[in-house]
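Number of protein chains: 2
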Amino acid sequence: MSEGYNELKPAVRTLLGPGPSNVHPRVLQAMSTPLVGHLDPEFLKIMDETMGLLRSVFQTRNRLTIPASGTGSAGMEAAFCNIVEEGDTVLIGVNGLFGERMCDVAERCRARVVRIDGEWGKALDPDPFARALRGNKVKVTAVVHAETSTGVLQPLVEISKLTKAYGSLFLVDAVTSLGGVEVETDEWGIDVCYSGTQKCLSCPPGLAPITFHERAMEALQHRASKVQSWYLDFSMIERYWAGDRFYHHTAPISMIYALCESLRLIDKEGLEARFARHRKNSDALKAGLEALGLKLFADPAHRLPSLTSVWIPEGIEDAAVRGQLLREFDLEIGGGLGPVKGRVWRIGLMGHSSNQANVLLALAALDQTLNRQGYACSGGTEAALNEYKKI
Amino acid sequence: MSEGYNELKPAVRTLLGPGPSNVHPRVLQAMSTPLVGHLDPEFLKIMDETMGLLRSVFQTRNRLTIPASGTGSAGMEAAFCNIVEEGDTVLIGVNGLFGERMCDVAERCRARVVRIDGEWGKALDPDPFARALRGNKVKVTAVVHAETSTGVLQPLVEISKLTKAYGSLFLVDAVTSLGGVEVETDEWGIDVCYSGTQKCLSCPPGLAPITFHERAMEALQHRASKVQSWYLDFSMIERYWAGDRFYHHTAPISMIYALCESLRLIDKEGLEARFARHRKNSDALKAGLEALGLKLFADPAHRLPSLTSVWIPEGIEDAAVRGQLLREFDLEIGGGLGPVKGRVWRIGLMGHSSNQANVLLALAALDQTLNRQGYACSGGTEAALNEYKKI
Chain Y
1 MSEGYNELKP AVRTLLGPGP SNVHPRVLQA MSTPLVGHLD PEFLKIMDET
51 MGLLRSVFQT RNRLTIPASG TGSAGMEAAF CNIVEEGDTV LIGVNGLFGE
101 RMCDVAERCR ARVVRIDGEW GKALDPDPFA RALRGNKVKV TAVVHAETST
151 GVLQPLVEIS KLTKAYGSLF LVDAVTSLGG VEVETDEWGI DVCYSGTQKC
201 LSCPPGLAPI TFHERAMEAL QHRASKVQSW YLDFSMIERY WAGDRFYHHT
251 APISMIYALC ESLRLIDKEG LEARFARHRK NSDALKAGLE ALGLKLFADP
301 AHRLPSLTSV WIPEGIEDAA VRGQLLREFD LEIGGGLGPV KGRVWRIGLM
351 GHSSNQANVL LALAALDQTL NRQGYACSGG TEAALNEYKK I
Chain R
392 MSEGYNELKP AVRTLLGPGP SNVHPRVLQA MSTPLVGHLD PEFLKIMDET
442 MGLLRSVFQT RNRLTIPASG TGSAGMEAAF CNIVEEGDTV LIGVNGLFGE
492 RMCDVAERCR ARVVRIDGEW GKALDPDPFA RALRGNKVKV TAVVHAETST
542 GVLQPLVEIS KLTKAYGSLF LVDAVTSLGG VEVETDEWGI DVCYSGTQKC
592 LSCPPGLAPI TFHERAMEAL QHRASKVQSW YLDFSMIERY WAGDRFYHHT
642 APISMIYALC ESLRLIDKEG LEARFARHRK NSDALKAGLE ALGLKLFADP
692 AHRLPSLTSV WIPEGIEDAA VRGQLLREFD LEIGGGLGPV KGRVWRIGLM
742 GHSSNQANVL LALAALDQTL NRQGYACSGG TEAALNEYKK I
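Residue numbers (my numbering), protein chains in the order written: chain Y, 1 to 391; chain R, 392 to 782.
The set of hints was computed from the structure by calculation and includes no laboratory data. Note that beta-carbon positions come from the ideal geometry of N, C-alpha and C, so glycine has one too. Nothing false has been slipped in among the hints.
Ranges of calculated distance between the beta carbons of each label pair, as one might list FRET restraints:
(1) R:K781 x Y:A224: 55 to 61 Å
(2) Y:A11 x R:E609: 36 to 42 Å
(3) R:G634 x Y:P25: 31 to 37 Å
(4) R:R506 x Y:H222: 27 to 33 Å
(5) R:D690 x Y:A224: 39 to 45 Å
(6) R:E575 x Y:D318: 43 to 49 Å
(7) R:S447 x Y:V157: 53 to 59 Å
(8) Y:R115 x R:E575: 46 to 52 Å
(9) Y:A11 x R:F637: 19 to 25 Å
(10) Y:Q221 x R:P704: 37 to 43 Å
(11) R:Q420 x Y:Q221: 42 to 48 Å
(12) Y:A273 x R:S447: 45 to 51 Å
(13) R:Q747 x Y:R110: 53 to 59 Å
(14) R:K617 x Y:A11: 35 to 41 Å
To give an idea of the interface, some chain R residues facing chain Y are shown, with a C-beta separation under 7 Å as derived from the structure:
(15) P425
(16) P595
(17) K617
(18) T641
Build the full structure now, drawing on both the sequences and the hints.
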């Protein structure tokens with residue numbers, strides 16, 4: 001190699017931040033599979049298999065269930081820009097960064113955005129949704145199922161029922177839940193649901209699995225105007241994925257190899273077993289953090305199994321601790337965002353990263369690091385091990 | 392694995408279509424590198440290296456020179472949506488599918504589009520650009536450097552000078568040229584230039600390298616409205632890549648590993664040597680095709696070294712030949728698009744795929760397949776070998 005350019009040998013990290021999570025070796029191996037063309041009969045078979053497996057994870061029969069060619073945020077944009085037109089009223093629940101982002105995205109689609117604001121760290125109450133739906137002709141109601149910025153798991157069924165009662169489409173962000181926490185797209189009456197590959201699916205970032213119910217497809221088909229994004233226009237992308245295979249854009253082939261492989265791993269594990277694993281490891285982590293004397297951030301009634309948020313103790317500096325964890329333990333955890341920047345940590349246990357060894361590592365590493373920073377604590381790993389002993 | 396799911400073992404193809412091209416083993420290996428986080432100090436270094444190497448390939452000093460998180464078409468959309476606002480006049484040269492696509496993308500950005508139509512297979516004449524620039528207040532003038540649908544290489548300098556004379560920004564699609572054919576962004580006065588990774592850069596599809604000159608950045612900074620795409624909004628993405636590293640969306644880490652590695656390979660080979668290699672192999676292929684009695688499609692004065700288009704002989708069926716090439720030789724070549732669908736083939740020799748062995752394989756395989764289909768021909772490989780003997 002030319003002088004000055006290094007070999008590609010980044011550190012080997014344990015990824016317990018808000019995503020990406022660690023990728024299973026089989027999925028990494030799939031990434032390096034030599035490519036076939038995006039119209040090759042062998043690739044079309046892989047596309048079909050990927051769609052089938054995605055339907056299982058989304059628990060849906062929706063025909064249009066595909067990976068959009070971008071990261072989770074592209075999924076958010078695809079969800080809004082395909083069904084929202086200029087002047088449409090969109091109702092958005094905001095109790096974290098990703099609800100905020102939804103408002104921004106919807107406004108760029110020229111929607112009239114009605115916000116339902118809630119407290120960061122708490123779930124949203126359905127009542128204000130009922131009032132807003134009553135008082136407005138709402139085309140789309142959108143909420144975040146798993147708020148990555150707070151670690152809150154949002155109950156969806158009541159809000160979904162309200163949207164049905166008032167003829168609104170129901171749009172859900174499942175970026176940090178899909179594949180780690182129940183997402184029952186059909187059973188819960190979700191019309192558009194999107195996710196990202198780098199969280200509980202444990203794939204590298206780069207694709208946004210997304211599913212459209214027929215109700216959403218109808219809204220797309222009856223638009224008065226073209227979708228403002230050519231790249232994410234599902235009226236065309238549908239033809240390539242689920243229609244006559246008409247070329248739209250070159251599919252990100254290697255990423256789809258990886259997603260397909262990660263979905264096979266999920267299929268093998270089984271959704272129920274996978275959800276139970278996420279709950280178990282999360283419970284152990286939470287018990288350990290509390291034993292260390294730390295206070296959890298999210299409302300106890302609505303805590304995510306895939307991401308745990310915890311207050312940073314008084315007097316402890318965020319960056320110093322996270323830097324030390326990275327340097328001494330090759331361990332990544334996440335910092336806070338928005339109003340809780342510098343005040344909470346976010347510890348992800350997603351997909352392949354959700355295992356007992358990582359829980360114990362996180363607690364032991366935090367124990368040592370916090371003690372060195374002058375915060376006396378102990379007993380984290382013991383509490384976690386006790387939690388594992390429970391059935 | 393569960394019953395019914397296959398191992399991921401697609402056929403090993405020689406990819407001589409319009410992209411993706413074959414990926415160098417080192418780049419495939421980079422794809423399977425375990426991930427670090429998108430804000431990890433080690434990843435930030437890889438981002439910096441990638442930007443530096445991209446600047447070399449684009450031959451630019453533009454600070455904002457990055458891979459956008461989508462395929463080449465996302466690059467096209469990013470180019471337009473960041474600098475075009477509602478009502479802006481955009482002048483677009485159309486002599487192939489990708490010029491057409493530009494019009495569609497610009498219209499979705501609510502531009503007033505003025506088309507300069509040209510013949511498929513011929514380069515665009517600067518004169519109508521001069522007239523249109525004189526008669527309109529044109530904010531952006533856009534052309535395709537290497538028309539993947541026709542195999543035409545568009546000269547850019549004269550059109551660029553006209554844009555400067557009339558105060559228009561100059562936007563160029565270099566999807567099928569960057570890394571295989573000269574693209575002198577700064578020297579030629581290009582303001583926005585984008586590409587894709589799966590052509591002459593020989594990386595998997597999934598990223599769109601793009602560069603913005605200060606003139607384009609100014610247009611972005613002085614917008615009256617927000618960029619309509621949140622996902623591709625470079626006023627925010629710039630902060631993550633070239634500013635204070637503020638989180639925007641999770642970068643497609645593995646794809647960036649791969650791009651970085653492919654750019655290192657280009658740097659090692661040297662741009663001039665790489666361009667010469669593309670020309671040499673293309674000349675040999677063209678000589679061989681003509682020896683087989685086939686007629687080339689693109690105007691001889693403006694033929695692309697990275698993609699050769701050739702008329703399908705009378706009475707020969709497109710799908711039968713391409714199917715046989717794939718089945719018997721594991722060889723992919725491309726069919727025609729739009730008005731020349733079923734009438735031309737497109738043979739790419741891009742990046743890692745551009746080598747003597749592939750030229751000889753393509754000619755021998757076409758020879759055998761065409762003869763079986765009743766088209767008598769011979770002498771393709773000999774003509775190519777003679778071409779290689781020339782200095």
